[in-house]
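**Student:** Protein chains in written order, with the working numbering: chain A, 1 to 112; chain B, 1 to 113.
Since the hints were made in silico from the structure, they are not lab data. Any given hint might turn out to be false.
[To be verified] With a cut-off of at most 20 Å between alpha-carbon atoms, the simulated EDC-like pairs for lysine to aspartate or glutamate come out as follows: (1) Lys57(A) / Asp83(A); (2) Lys14(B) / Asp86(B); (3) Lys57(A) / Glu101(B); (4) Lys104(A) / Glu38(A); (5) Lys104(A) / Asp86(B); (6) Lys104(A) / Glu44(B); (7) Lys11(B) / Glu41(A); (8) Lys71(B) / Asp24(B); (9) Lys59(A) / Glu15(A); (10) Lys56(A) / Glu101(B); (11) Lys57(B) / Asp86(B).
What you are looking at is a predicted structure, and each value in this text was computed from that prediction instead of being measured.
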Amino acid sequence: TQLLEQSPQFLSIQEGENLTVYCNSSSVFSSLQWYRQEPGEGPVLLVTVVTGGEVKKLKRLTFQFGDARKDSSLHITAAQPGDTGLYLCAGISGGGADGLTFGKGTHLIIQP
Amino acid sequence: DTGVSQDPRHKITKRGQNVTFRCDPISEHNRLYWYRQTLGQGPEFLTYFQNEAQLEKSRLLSDRFSAERPKGSFSTLEIQRTEQGDSAMYLCASSQERWTEAFFGQGTRLTVV
Numbered sequence: 001t002q003l004l005e006q007s008p009q010f011l012s013i014q015e016g017e018n019l020t021v022y023c024n025s026s027s028v029f030s031s032l033q034w035y036r037q038e039p040g041e042g043p044v045l046l047v048t049v050v051t052g053g054e055v056k057k058l059k060r061l062t063f064q065f066g067d068a069r070k071d072s073s074l075h076i077t078a079a080q081p082g083d084t085g086l087y088l089c090a091g092i093s094g095g096g097a098d099g100l101t102f103g104k105g106t107h108l109i110i111q112p
Numbered sequence: 001d002t003g004v005s006q007d008p009r010h011k012i013t014k015r016g017q018n019v020t021f022r023c024d025p026i027s028e029h030n031r032l033y034w035y036r037q038t039l040g041q042g043p044e045f046l047t048y049f050q051n052e053a054q055l056e057k058s059r060l061l062s063d064r065f066s067a068e069r070p071k072g073s074f075s076t077l078e079i080q081r082t083e084q085g086d087s088a089m090y091l092c093a094s095s096q097e098r099w100t101e102a103f104f105g106q107g108t109r110l111t112v113v
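Kindly produce the complete structure, drawing on both the sequences and the hints.
**Tutor:** What follows is the structure, encoded as structure tokens:
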């Protein structure tokens with residue numbers, strides 16, 4: 001069973017602060033995706049990273065895939081209340097099960 | 001096409017009843033996935049279809065659960081003899097190819113009382 005560990009599990013910070021959340025595994029993934037989910041809604045895809053060491057930016061969000069393709073991080077600069085939500089990472093293995101393996105997520109609250 | 005749609009959004013049922021959920025994927029997507037998500041957890045994979053063929057089922061999918069995608073378009077997920085432990089958000093996702101870009105519906109929230 002491939003597990004994705006996300007940390008921290010909960011994070012509450014003030015508007016304007018920077019933060020980083022992590023997604024770690026002992027398994028290698030062919031690609032990794034980050035989603036954001038609001039209460040009562042389905043996850044919304046933010047980014048897919050494929051290449052080890054890859055860095056992708058989405059406005060104030062920076063995503064990095066580890067060199068060994070076992071871990072990833074999401075950095076948010078100058079967080080805003082609209083960034084509040086559950087951030088999920090999900091990995092696809094190179095073989096075997098075709099379903100995405102999800103972490104439990106990081107619950108992020110940005111206080112005004 | 002406005003994305004993946006799921007129906008109903010909410011379902012309350014009594015224990016022991018059968019329920020059926022529907023998912024309409026994005027029209028050109030040939031892969032369709034079902035996930036279950038309980039409070040505070042990430043989504044757990046249940047099953048997926050490549051067109052009309054059901055290619056994989058998780059151990060989570062007990063014999064009370066059945067999924068179909070008869071014409072390779074919409075899919076249904078049926079739960080027979082519902083139990084309180086079945087209470088969860090049931091999510092459907094679709095993609096054009098093998099998890100290049102997967103898009104989720106808004107989910108069906110099931111409450112078994």
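**Student:** Are the hints correct? Go through all of them and say.
**Tutor:** Status of each hint after checking the structure:
no., hint, result
1, Lys57(A) / Asp83(A), "holds (15 Å)"
2, Lys14(B) / Asp86(B), "holds (11 Å)"
3, Lys57(A) / Glu101(B), "holds (17 Å)"
4, Lys104(A) / Glu38(A), "holds (14 Å)"
5, Lys104(A) / Asp86(B), "holds (19 Å)"
6, Lys104(A) / Glu44(B), "holds (10 Å)"
7, Lys11(B) / Glu41(A), "holds (15 Å)"
8, Lys71(B) / Asp24(B), "holds (12 Å)"
9, Lys59(A) / Glu15(A), "holds (16 Å)"
10, Lys56(A) / Glu101(B), "holds (15 Å)"
11, Lys57(B) / Asp86(B), "holds (17 Å)"
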